[in-house]
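Chains as they are written, first to last, in my numbering: chain C, 8 to 378; chain V, -12 to 503; chain Y, 166 to 705.
What the hints contain is simulated information worked out from the structure, not anything from laboratory work.
Idealized CB from N, CA, C, for every residue including glycine.
Quick look at which bits of chain C chain Y covers, simulated, 3 or more residues with Cβ under 8 Å:
| no. | segment |
| --- | --- |
| 1 | 19 to 30 |
| 2 | 42 to 49 |
| 3 | 140 to 152 |
For lysine-lysine, the following DSSO-like pairs were computed, each having C-alpha atoms within a straight-line distance of at most 30 Å:
| no. | chain 1 | residue 1 | chain 2 | residue 2 |
| --- | --- | --- | --- | --- |
| 4 | V | K105 | Y | K490 |
| 5 | V | K141 | Y | K316 |
| 6 | Y | K476 | Y | K444 |
| 7 | Y | K316 | V | K113 |
| 8 | C | K306 | Y | K332 |
| 9 | V | K464 | Y | K332 |
| 10 | V | K141 | V | K105 |
| 11 | Y | K476 | V | K101 |
| 12 | Y | K583 | V | K170 |
| 13 | V | K56 | V | K16 |
| 14 | C | K304 | Y | K332 |
| 15 | Y | K484 | V | K105 |
| 16 | C | K291 | V | K464 |
| 17 | V | K170 | Y | K490 |
| 18 | C | K304 | Y | K328 |
| 19 | V | K141 | Y | K332 |
| 20 | C | K176 | C | K235 |
| 21 | Y | K484 | V | K170 |
| 22 | C | K306 | Y | K328 |
| 23 | V | K503 | V | K12 |
| 24 | Y | K490 | V | K113 |
| 25 | C | K304 | V | K464 |
Residue strings, one per chain:
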Amino acid sequence: MRTVNFSQHDHYRNAVFPSPFHARQKEHNQLREWSRWSDYLSVPAYWCADMEYFAGRNACGVFDITPMVKHLVTGPDALPYLNRLMTRDVSKIKPGRVGYSVWCNEQGRVIDDGTIFHLEEGVYRICSQEHQIDWFMTNTLGFDVNIVEDTHDVAALAVQGPTSCAILKDMGLQGIEDLTPFGLTYFDFEGTQLMVSRTGYTGDLGYELWIGPDHAERLWDRLFDAGKHRGIKAMGSDALELLRIEAGFILAGVDFLPAMEAVRPSHTRSPFELGLGWLVHFDKGVFNGRRALQEEKEKGSRFHLVKLDIDGNKPANQSFVFTKDEKFAGTVTSAMWSPSAKASIALASLEAPHGKSDSRLELQGHSPLQQ
Amino acid sequence: MTDSRNIVIIGGGHNGLVCAAYLAKAGRKVTVVEAAAQVGGAAATREFAPGYRASVAHLLYLLDQEINKDLALESNGLSIAASGLDTVALAADGNHLTIGADSVEGAGLSSEDKAAYKEYRRFMSKFAAVIGGLHNQVPPRITYERNDLITLGKLALKVRLLGRDDMREFLRIAGINIHDILKENFDNPLLKGALSMDALLGTFSGPRSNNSVFTALHRMSGNNAGAAGAVSIPAGGMGAVTDALAAAATRAGAEIRTGSPVKQILMDGMQVSGVELTNGEQIAAATVVSNADPRTTIMDLLGARNVEAGFARKINNIRAKGNAAKLHLALDDLPGFKGLSQEQLGQRLVIAPSVEYVELAFNHCKYGEYSAHPVAEITIPSVHDSSLAPDGKHVLSAIVQYAPHELGAGWSEGKDAFMKVVFDLLSAYAPDIREKTVASELLTPQDLESEFRLTGGHWHHGELALDQFLMLRPVPKSAQYRAPVDGLYFCGAGCHPGGGIMGSAGRNAANVILAK
Amino acid sequence: MTKKYDAIVIGAGHNGLTNGAYLAKAGMKVLMVEKNDFIGGATVSLELYKDDWKYSNCSYVCSLLRPEVYRSLNLAKYGLQIVPYGGSATIAQNGDYIGSYVDPDVARREVARHSHRDADATVRYDRDIMRQCRFIRQFLLRTPPDPTSFKPRDLLEMMYMGKEAMKLGEDLIYDTMRFYTMSISDFLDEYFENPLVKASHSGSGIIGSALGVMSPGTAYVLLHHAMGDVDGSMGAWGFARGGMGAIADAMQGCFTEYGGQTVTGSGVKQIIVKNGRAKGVVLENGDEYFADVVVSNLTLPRTFLECMDPKDLDPGFLKKVRNFKIRGSSGKLNIALDGLPRFTALPEGSELARGDMHLIDSTERLERAYDDWKNGIWSQDPYIDMLIPSLTDPTMTPPGKHFMSVFVQYVPPKVHGKDWTDDQVHQFGQTVINQIEEYAPGFKDLILHVEIRTPRELEDEVGLTAGNIFQGELTMDQLLFNRPLPGFAQYRGPVRGMYMCGSSTSPGGGVMAAPGANAAREILGDLRKTNTVPEGWLDD
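When you get a sec, could you build the whole thing from the sequences and use the hints?
Right under this line is the structure:
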């Protein structure tokens, strides 16, 4: 059963729709609070964000990632198409592998980041935070390729934490332990195909499970059943936010402004400025942003993203960063108290040349901090 | 495989030949590859009926005089059969006006209009010279770079030097439409109709469309025959111009290979490495210059995948909706145009009896229809040049507007019906035209596209409009004749300063390549 | 009766009132003269049907009103409240529609219903329009420079504009150059694929303009409608509580509190000029008032062709005034309704009905409406911008009844070159009503009263020459330093002591109040008085 027909005339009656896991989320949602993520209802916290965070770090946290925007790329030119679209060399992502990537406009500014799943030879799925169909279609000029957005046709769960592998094994996914990081594989799940990728947004052992929406609730049930003795917990977006900042992952719209939305072009960032220079491969031919990025590489970037380790326990959210002599250096984009490191940490975008390694900076003009 | 000294020019149209001649004169090894059996593209003189010849581009009014001199076109075979033609504005009742470079005569014309015409010519010529002054200029980019600032400063100075009143008038009218300007200046409908047509030939606009003052100025921006916008007819048709250019290029050492269509532009990594012909032959070159229109160059010959998507989108967005059809009639005798003497048949005849008529004609093409009552620019070049037709016979050559490239009904269906519309139109002015006609050829924008590989059948290779001019032509940041691919250049009318047999785009491109 | 003032403002429209208020605030003794018995000009609410019905008779929605003016004249204190309206719908002939919902996700899904790709392209489109808005907004409360002048002030202003343009960065400069010269139809083609999506965006490119969607220059007209805001939400439009007259009333309240005086009921017969200086005005009723500063809020032709002695003016100047492009292209129907009409395409009770509704499906259909205007007749299949303010503001009608404001385009100032006849006015009204009836069967039965306004009525009543709602076309020849005329863009008339403050001057119409404010700044500068006019706020 498809939960929602998003193109029906009466879609406007509800601003958001229940996800395929909604019934189960509702059972777990003790706080009875709901937030919005794109077209879906999402849970900020089921019972306590901090405890959910610890479930993710120490046992297993389950997070509904159905609202992620998904595109299927097929056709004879799928690979050359993606190689022109993405800054990284997509030919290095073999079938059955997943790669993280960013894509840029011709100014070399990041439009979005996401993951590329090489589902089978020549068939790719791109997962991203923002809607991309206009840009992806623009990129098809000159390529024999098909792009379909299938966000609503795939339900997905992130199963993250040290016991995740054992739980999936107990659930009956034989051989899951052989799946290497950034690998993907398929299982039969009660007569339907279940895709499992060893990917995640937490920096820990973790998997993402992809299945048709009709089987979503059943998947959830089997998963929680298998995990009941291994500390499985439903996890909300607040906990995930803690996990991803701790892992140093960036989030579109938070740590950078997607280039398609940025009214002020100066507010956008290049891959280099986000610390993602390793995703820019100049040795692969033409790609969007190549000329601008080549120039930036030669002339230097205007910003860079740094991870801050902040003295004391002051929260750093929304802070400005200054140098010791009170010159504006940049802004904190994401911040948290890290329960793992027992430290106040943050991601910050600093104007070059501030914040080169080991330099000391001031936060909001007081608390000294060390990078 | 890349030969770093070799330069290949795709397309032997007039701009490609000009570019070739300048590059060869500077000592470069140049090969021009032309798909057709003869050079010249849409300027070539072709036999359209046994013994009858005509060229699609039929009047010379923009040819750059420096190019003419530099390439010694006269000693390379160019001679002018007639120059400084008057424009005769026809009315269906046989009345007509004779519009010259500085005066207009005709029945029913008020002295106010006559005086206003002098003033109109004064300020329009002056403003056209501002536009014309830009023709031999590589468009600046808008940056704080020194060269760009100097060029922009010079342009501002040129406008300032118009003097306060004329500068104000220039800034006021440059962006608007010819209908308003004519209405401000004249009363006579025939005069206004004919003058409005000058602004609209070859464009997707009507008299009320803003931009049409600019296109009027562009048409007048030549320094060809002593007066702004004055028209000439080369002996032997427009092909004589391109033949002379080809001779100049060959004499300077360029190799011209006709009958050699290009299949694709070759790449070696990020650098252009030559071209491959449809017969499979490859010609290595580190520099490839395309005289083809920008869309054909990038989308068809290079492949959109070899450029960034943002650039491909911009190229794809270039407006190039051709609207002008070309009519060639083989006549066994001079036709009788109502109210005109035989002598007058050698002038440029215009059917555009009023601005409203022209606007109505334009309305159709907005919806993919051809004009029910088209406008036309007619010449009978054989009056001046008997070589174009058998003894005593004549050739009529006319631009007929509006005939949209995308005809809703499709041209295979619509062409015959449009031919009838065109004959009905001509018959209203020259009642014996049908009986004098022994053969005819009507080239719709679709025909022009397939015959001359012009996207949209547009003779400017892209609409000439303020948003596609100077540093915006063909697309921003590539207006300096350089494509964003190492070694690839544009030299056609799709670049600044646009079409009309001018040659400036070819020369500017050559200068950019030589300065490298 | 003879009286001496420091300044006389002719025409108590919103710009005149703004101008007068700033002059009065600077301590000047100001007289406002108004031909009608009511103030506000086209910014007016009148009771036209029965006592408890209020109409925004001419202008009907608010967005462009400069927030700087709103705040510095303290208009909230004088009762002004601008309420944003949610939604907007473009209804197609095939019974479908596209709605613009307040919620961003719903809005995106609604576009996606027609084209998935266009839903996403909307993000890029909104971004690019917003970039243009941010750029132009900073110039609205500035006097245009004279590009032919070598005066330091003009040179500095030119440099300022150049510097601000350069700040955009190279790519955006090119985008801007293209945007200002393109047609809205071509511009939309670069973003969208679906005809209904394009149609839903295209109307703003022609409202108030004698251009078609395919005419180059209409992308700017769209910007003119997008550069306003309600509470910082750029591009949003709202209702003034109690109708647009509330804006004029608030301005009048402020003007009066600063000591300004108003005389209504008699128009200006002539501006008195002595020894090349403006000295005062003579009213139609014979009253004379004197002042060394005379400010006209009337249209350019009305000011110079009707209210001045040609002997006081240069013939060359008069020729230019006669060539000023002020072509009516709009009409309006104000309709009192017995109940809410039911548009069959829209879901029952749809929130979309609270916003503006359009009955159009393609840019081509809109262009055909323009062709009729060119041929000298009102559009047989017109473009309408239709609102039901009483859904948002219940103070306007008795409970359960509704007021519908129908802005119509295209309506020529003359029919086939001849003055409108009453019969034609009626036929025009029927054309519009019949069109609405097609989309909302039963609509006709709800009509209690209709007020039909063609350019004739607009001109006769509120003095908008040829019924042009912007007091002059918004084309390149009449924008910035060209508005109203080259060499006269700095609010000074050709006669000393005489100024212009109407929408004929830069930056144009749309109930913006910027011309009135800018003119006041110039006047106060000439008199070496303390400036009371605020600088423009820069958006962050």
